[in-house]
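Peer 1: My request is simple: use the sequences and hints to build the entire structure.
For what it's worth, the numbering used here labels the leading residue of the sequence shown as -14, then goes sequentially.
The hints are simulated quantities; they were obtained by calculation from the structure and are not laboratory data. Glycine included, C-beta positions come from ideal geometry on N, C-alpha and C. Warning: the hint list may mix true and false statements.
[To be verified] BS3-like, lysine-lysine: derived pairs with alpha carbons at most 27 angstroms apart:
id : residue 1 : residue 2
1  : K182      : K157
2  : K212      : K238
3  : K18       : K238
[Stated by the list, open to error] Label pairs and their calculated CB-CB ranges:
id : residue 1 : residue 2 : range
4  : T223      : G87       : 20 to 28 angstroms
5  : R192      : D156      : 22 to 30 angstroms
6  : R12       : D156      : 39 to 47 angstroms
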Amino acid sequence: MIKLVATDIDGTLIPEGTHEFPTELTRQIEELKKLGILFVAASGRQYKSMKKLFSPTTHNVVFVSGNGSYVKCRDREILECVMDRTYLSSLIQRLRELECDGYYFVAESKSMAYIETDCEDFYQMLVENYHYEVTKVKDILEECNGILKISFYHKDKIEAVSQNLQEEWSDKINVLRSGKQWIDFMPYGVDKGNAIKMIQEILGVTREETMAFGDNANDVAMLQNAKYSFAVETAAETVKDAAKYQTFSPKEKGVLSTIQQVIEQGGNFNVR
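Peer 2: Written out as structure tokens, the structure is:
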């Protein structure tokens, strides 16, 4: 029987960069709870953004935010992984060099997201699309503490710098693609997979009792910790290779349809 269901948000549960909560998910999470199944939302998003999205049912959700750097449930902090100050300083200085022609970065703590750029379009995207709480500062390194994650963005050219940044930093910081427009940097060893593993250990849930959904590289480690691992049909090929099953795209509500099968089968899952 399944005891834990975990899903990525952007590009998996809902279309990338949107904030429209699937109304039927509230009922589904309640039904899962009755069956003794925990629901985990696992995302690269800021915790406050996730909490706003799941406002109809926050008390029934474990939040894995910042790609596993911050975990919280019912206002109780379970995990907080802050970036090493030395690596953080070097990384931000490097990203400042690249921050031009549509490239921007945002630093996230457990309570706030910080940007240095004056680009109003980037600020508005974070606020309006992702519902982030964002503060503009002159110097993140001097004014901000407790940074959990750095995210580097370009609307359509992130691939051009992705490989070089991974080669530069992957031996010091965990570097993961997060959607088609983002590269995320977290403390070394931090990812959604380790966060899910910690939750499993706390609750006594096994990999064989876990279902997970994802669409991008930052979801692979999470899928590897679930026997019932799903890639949505719009997922990256590496994610499809890592997953055991596939489901429909977020526009076609693939995650919701699969969860409904679990509910109708009384907490089990048999492929139809």
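Peer 1: Below or equal to 27 angstroms on CA atoms is what counts here, so check K212 against K238.
Peer 2: holds (21 angstroms)
Peer 1: With 39 to 47 angstroms as the target window, see if R12 and D156 comply at their CB atoms.
Peer 2: holds (46 angstroms)
Peer 1: Please check whether R192 and D156 have a Cβ separation lying inside 22 to 30 angstroms.
Peer 2: holds (28 angstroms)
Peer 1: Do the Cβ positions of T223 and G87 conform to the proposed distance bound of 20 to 28 angstroms?
Peer 2: Holds - the Cβ-Cβ distance for T223 and G87, about 25 angstroms, lies within 20 to 28 angstroms.
Peer 1: Can the restraint linking K18 and K238 be considered satisfied, given a maximum Cα separation of 27 angstroms?
Peer 2: Between K18 and K238 the Cα gap is close to 20 angstroms, so the pair holds against 27 angstroms.
Peer 1: Given the hint that K182 pairs with K157, does the C-alpha gap stay at or below 27 angstroms?
Peer 2: holds (22 angstroms)
Checked against the numbered hints above, the structure violates none of them.
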